[in-house]
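Trainee: Okay, here's what each chain looks like letter by letter:
There are 2 protein chains.
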Amino acid sequence: MSRKTQPAMGLDTTLASVIKPTLLLHRTRVLANIDAMARKAVANGIRFRPHFKTHQSAEIGDWFRAAGVTAITVSSVSMANYFADHGWADITIAFPINLREIEQIDALAARVDLHLLADAPAAIDFLSVRLTHEVNLWIEVDSGYRRSGVAWDDEPALKALADSLSRSERLHLRGVLAHAGNTYGARSLSEVRSIHDATVARMTHARDLLQAMTGDAALEISIGDTPACSMLASLPGVDEMRPGNFVFYDLMQLQIGACAEADISVAVACPVVAKYPARRELVLYGGAIHLSKESLTRPDGGSDFGHVALFGPDDWGPSLPGVHLRSLSQEHGIVAVDPGMWAEVDRSVDIGDLVAVLPVHSCLTANLLRRYQTLDGAVIAMAPVL
Amino acid sequence: MSRKTQPAMGLDTTLASVIKPTLLLHRTRVLANIDAMARKAVANGIRFRPHFKTHQSAEIGDWFRAAGVTAITVSSVSMANYFADHGWADITIAFPINLREIEQIDALAARVDLHLLADAPAAIDFLSVRLTHEVNLWIEVDSGYRRSGVAWDDEPALKALADSLSRSERLHLRGVLAHAGNTYGARSLSEVRSIHDATVARMTHARDLLQAMTGDAALEISIGDTPACSMLASLPGVDEMRPGNFVFYDLMQLQIGACAEADISVAVACPVVAKYPARRELVLYGGAIHLSKESLTRPDGGSDFGHVALFGPDDWGPSLPGVHLRSLSQEHGIVAVDPGMWAEVDRSVDIGDLVAVLPVHSCLTANLLRRYQTLDGAVIAMAPVL
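Chains as they are written, first to last, in this note's numbering: chain F, 55 to 440; chain R, 55 to 440.
Treat the hints with care, since some could be wrong.
In this list, chains with the same sequence are indistinguishable; a pair is considered to hold if it fits within one copy or across any two.
[Claimed, not checked] No more than 20 Å apart at the CA atoms, straight line, and that leaves these computed lysine to aspartate or glutamate pairs for DMTMM-like:
#, residue 1, residue 2
1, 213, 400
2, 74, 404
3, 74, 157
4, 74, 160
5, 94, 392
6, 94, 400
7, 74, 116
8, 213, 245
9, 74, 270
If you are wondering where the hints come from, they were derived from the structure by calculation, not from laboratory data.
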């Protein structure tokens, strides 16, 4: 009998039960990532409204709640409904309003404190006519990323939005919101800081214009990108932050400098199914339907779909230098090994073994695998496909 | 089936019920694609063993059955189990043997005529010891794609495989099998023909060597790529073909020349959620978790994640020239429009409307969306996440 009353499984026992690509979750790292970001928000006096699209899990949501989080961000109406069903009462849908879901949005507004984004008078007018419940509205500002949002310096467009809002009784303007996804192109702290400073200056400009137009002096500024929220110690001028990816991090964030490799808290355990010494390559059971086709570009122009680590007694170890996934088919992952590393890989890995793959983009990998397994064997459910 | 008793919905009615990204299936085109490939197999005297990883649907599988198909290909043990549960009794798992699933493989071998691939003596020896039921075995040959398989001209490796097989009682060698995925790099019929001819010549060489080594004069040659199977009228020297993607086709196949745009039988109906005249861009509700991040490379080096078509009265129309998805986030799809096309797009498309997105890689898009909706409103289920 075990000395403990309810012994947690050891990693060996957990891995012995893994027969196909499985998303492993390093709970200690996840909790540390949540804790660090929650503390930063408190230290800066900023509302922390984490984006839950990364994990899509009510149980992981509970870990945020334990860290004091009461407000969240999601990327779809379906995801808002899922988290509302799990007790979240203050939800921002950080996506342009989908007019076709107006009935679902109105029903959601009846049961939670709902925050929506708009950047078009037509959308605001549509909401004004169709909503029967009150919602909070944020003007989505394009601060330079060019994805969605009204251009930060387009004063006539901001005026048209303010005018539409002034005709609405159920929409309450809360402030300006942006996703500065352009920090994903940065490769250093100084680049991230420079993009972030420009973002805040531009949003402040738009916010000040809207305050003058509406007479509302309490409008807020909400930002969201994981690189700035992770790398900058202080975030002056910001009222709310909505990072999401930081809960897991991944190779993309590592490349930017937003995390250390030891902060990456998910990895895909993949069976090795073939080994080709003449090509210095392995084939993994682990392909595009497990990892996603998100890739990094290597210095030689090739693609990098993930890095490989071996399992130690307690968790996965550091990624093997000179080893990367060069190609993915639907279920195959092809691992290329540099000449100097082949002997070690050949010695350490046989067909039938498991290796850990650090994902390029953890949000997409989690979305594909749809459940987590902790290193001590617990299964953590995700939402059904949303 | 029930279309006579229950009148089919018109496309307008079907689209009126679509509120978020939805995978539409053009049944007439799917049936025509199946019929054309089945006829080609009969005309060539080749066994047609279609790959079901593209559709992952028992109901679509039934359409193949109606076309005379009795043998299928899948890419995982889970998928083999799903189709075995739906009445398929002759199944090839076209993936290197995953030793960690030996119990599941053995259980499957007890209930279907199972075909496995091997390219390593260690895998054959493992199967010999662990299987309690008989299976068919194909030697996977690398005919030049460099994904998996024994090199076609590696005589010592083929001899080692033949020796391992000679010691096994439950493994019955059936022939050599390859996926000539290198045809995906072709851009013309002559390139596809040249790669295919080399593939068949190399596989014939490997088959002949194995016949001499084993004394078995009845070994077969099985190929699988959609480009060759679609574009070549005759396939001499081939005993079995296993194409999968052709059931839907997609922009990747269109680029190769393996289909016409009017053969593409799936499209994602996506709500338009934003419109930016100054940038000549639209934003769709339809991102990486709906379409996948598979992309084509444009002549200018940019990425192309899908093409856009408008809906007519009965189906989606031809894709709009000069319009492509330039970028995908988790849920956002950014559509870039050439200057000459903006006026037409601006006139035809408003926020709240639906557009059809032709996917780059239909297998990955179907895998993400996990169900189909026919143009007349019927829902077709897929397997649960496998």
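Trainee: Give a verdict on every hint.
Mentor: Hint check results:
Proximity of residue 213 and residue 400 under a CA criterion of 20 Å is satisfied in neither setting, with 65 Å inside one chain copy and 22 Å between copies. Taking the shortest Cα distances, residue 74 and residue 404 sit within 20 Å of each other inside one copy (16 Å), while across copies they are farther apart (44 Å). Taking the shortest Cα distances, residue 74 and residue 157 sit within 20 Å of each other only across copies (13 Å), while inside one copy they are farther apart (40 Å). Proximity of residue 74 and residue 160 under a CA criterion of 20 Å is satisfied inter-copy only: 16 Å between copies versus 42 Å inside one chain copy.
Proximity of residue 94 and residue 392 under a CA criterion of 20 Å is satisfied in neither setting, with 40 Å inside one chain copy and 44 Å between copies. Proximity of residue 94 and residue 400 under a CA criterion of 20 Å is satisfied in neither setting, with 44 Å inside one chain copy and 44 Å between copies. In this assembly of identical chains, residue 74 and residue 116 lie within 20 Å of each other by CA distance neither inside one copy nor across copies; the values are 28 Å within and 28 Å between. In this homomeric assembly, residue 213 and residue 245 never come within 20 Å of each other (Cα to Cα): the closest approach is 32 Å inside a single copy and 58 Å across copies.
In this assembly of identical chains, residue 74 and residue 270 lie within 20 Å of each other by CA distance neither inside one copy nor across copies; the values are 56 Å within and 35 Å between.
Going down the numbered hints, you'll see the structure goes against 1, 5, 6, 7, 8, 9, while the others check out.
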